[in-house]
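With the hints as your guide, set chain B onto chain A.
Just so you know, the sequences run in chain order A and B.
According to the working numbering, the residues represented by the first sequence are -6 to 398, in order.
According to the working numbering, the residues represented by the second sequence are -6 to 398, in order.
No lab work stands behind these hints: they were computed from the structure.
Errors might be hidden in some of the hints.
Since copy identity is lost for identical chains, a pair holds within one copy or between any two.
Derived BS3-like pairs: lysine-lysine, alpha-carbon spacing no greater than 25 Å straight-line [as the list claims (entries may be wrong)]:
| id | residue 1 | residue 2 |
| --- | --- | --- |
| 1 | K112 | K134 |
| 2 | K17 | K(-5) |
| 3 | K134 | K84 |
| 4 | K180 | K17 |
| 5 | K48 | K14 |
| 6 | K26 | K158 |
| 7 | K48 | K17 |
| 8 | K48 | K84 |
| 9 | K316 | K183 |
| 10 | K397 | K202 |
| 11 | K13 | K48 |
| 12 | K278 | K309 |
| 13 | K320 | K274 |
| 14 | K24 | K228 |
Number of protein chains: 2
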Amino acid sequence: MKTIVLKFGGTSVGTIDRIKKVSKIIAFYKKKKNKVLVVSSAMSGVTNELINKSKLISSNFDRAEYDALVSTGEQVSCALIAGRLKHNGFKSRSWTSWQLPILTDGPHSSARISSLGIKELNRYINSGGIPIITGFQGVSKNLRITTIGRSGSDATAIMLAKFIKADECIIYTDVDGVYTTDPRQYKKAKKIKKIFYDEMLEMASLGSKVMQPTSVQDAKLNKIDVEVKSSFVSKSGTLITNSKKAFSDQIITGISSTKNDAKITIVGVKDRPGVAASIFKPLSKNLINVDMVVQNISLDGKETDLTFTIKADDLKKTEKLIKQNKKISFKKLSFDKGVSKVSIIGVGMITTPGITYRMFQALASKKINILVISTSEIKISVLVSVKHVKKAIAALHKEFKLDKL
Amino acid sequence: MKTIVLKFGGTSVGTIDRIKKVSKIIAFYKKKKNKVLVVSSAMSGVTNELINKSKLISSNFDRAEYDALVSTGEQVSCALIAGRLKHNGFKSRSWTSWQLPILTDGPHSSARISSLGIKELNRYINSGGIPIITGFQGVSKNLRITTIGRSGSDATAIMLAKFIKADECIIYTDVDGVYTTDPRQYKKAKKIKKIFYDEMLEMASLGSKVMQPTSVQDAKLNKIDVEVKSSFVSKSGTLITNSKKAFSDQIITGISSTKNDAKITIVGVKDRPGVAASIFKPLSKNLINVDMVVQNISLDGKETDLTFTIKADDLKKTEKLIKQNKKISFKKLSFDKGVSKVSIIGVGMITTPGITYRMFQALASKKINILVISTSEIKISVLVSVKHVKKAIAALHKEFKLDKL
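Just chain A, same shape as in the assembly:
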């Protein structure tokens, strides 16, 4: 007998028909004699509707009331799922965060789960019941409702799997798994059967919207294997794990790309200690995220060029902040809005030499110019012109044999 945590995202429970469908999926696992626990998000659209109401009330809506407001969405979907399971003859009931309780630390709207009461849940699943638990929320020490950020239901499922010592944690969503690259960018993209947490973290932060990086981090820290699959089609998904068992000898697991990046070069900056810090401090203060950074070698020890990338939306603000910055002097600023970061990701590259060379060679053979390079242990990123992105992904997908998965 396995203990299985199932989590359903907003689109999976987006309509009454979807809730009926999801109840069938839950019943499928229950009929196999498993102990089944369910975590659900709010019906898609509902949370946004509540957020809109708060915005109409105040442009600076109180965070604690915001949490009290939006947390109702999961209470609704969970009651409906439990109601449907009961209708179909199963023993089921909904549980809210204060009833378990799910305790959280940290500020409203971005709290983190610190503990999760499992005593009653254990009694209930041992008696054959299916608990339906509100995702995305908890209660603070002073008994106020908190939320753990958008997509926080994944975190609830992972923490529940940890505390209840689940054998499986399956995250049902509207995509059927993690792909080697975005299928909209490259038709031959293949579904990845197994991916390491660290690879998934790089995939997620680089634009794959299957799971939030914080949830992947939670899964990694708590050693919970997570399967991501679709509630819309009956297909196997992607297992996110740290287990080496049955992993292929694939060096590169996936290729990701960003959208709407911009490149800035500050030409002829007076080179002195701390100049980079002087440039980036006001950007950081204004929540502008600087990604890739290259500082050219200063030939004369007096002047240097500094290149970095940001989101294109931040370009005007960044330009203004640099021009207003009295702690630096430079000759001119140049901008390029039409750039994109393409990355290859895979733990295999740690033990396999020559990956960087193969990447550059593959791009060069297609006459794709590399503007900036950055690397980590399991990732190599290059900045290319946005018009070359599709071509670059195709070349890399072939080079690292992802087409043949």
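For chain B alone, kept in the frame of chain A given last:
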């Protein structure tokens, strides 16, 4: 410094603009240095929307999940009101039933409040805060959410007023008070300034939809004076009280009438002990409410005629149940769907003789035939043809000088 409980009904908080308006009303009382506590219903329409969802999930939706589901409506409206008050610079926060807690006894969807935690509330109002409390709900002893029936928010306000020892309890709704009779039936209807609980109970159960009878009963039992007024217009409302102070010497306080009644006469029933019970038992079992009952005197001791009224909607079912009833025998059934009960209500009639005569005389002078009569200590009801209702109300309104209030 007064302690005031304000309660807002669903239409009073039905839109974002209404919530802003209601926040101004709350601010008005707060600025006068009162301690103010607020109870709110769900935004109008929201509860019905949730109920519809439950019906689409199951025709027999679990009662506990139903309560978990519909109780979210008040959580939303209370968070929005608190958010608006904070936006306007007041200290305010929302409170749900489990946070106080509001404990209830009894079954789901028709629970009753047994206790209400005021420790934190007292600390909060003493520090100048305005608590916004979810109406209509509580938690059971096993920590599940319960609801206390439609319009249960009135009961929450009354119990809160009791436990917090409030000086005033004001129920804001979409009508501006209790009228001597339905203004749609009679244009000269006047607003009643003060009404006794018992009179209000009779008015409510006879069709005045200002307050649910159970809430009036709660107010009476807990000796809470309740003012009912409109959140849409700035006018004084109606005070429901037991205090004799400043009551006029009005004998009759109001006139109510019912709609959609039907009269049934069972002709030639074999008269034996227990025959009435034999007739009414299957009706009661089928939740058919029998109202006025008249049994004619049995002249020969063998046969009698029995007349009673029910809601017209129940007529077919009632006919079937009587015809199927093997414990009785009778000659024929006759029906009249076009009847209505007109009642005069007033505690004054206890000490004033001749009221019945004056009522009958007033109706007779307008050639209105009385079909059935029933009386209580503070009420006299007559059944008349529905085509005479308006004329009857006008005649009685004049006879008892309600036109001149």
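Q: Check each numbered hint from earlier against the structure, then list the numbers of those it violates in ascending order.
A: 4 and 9
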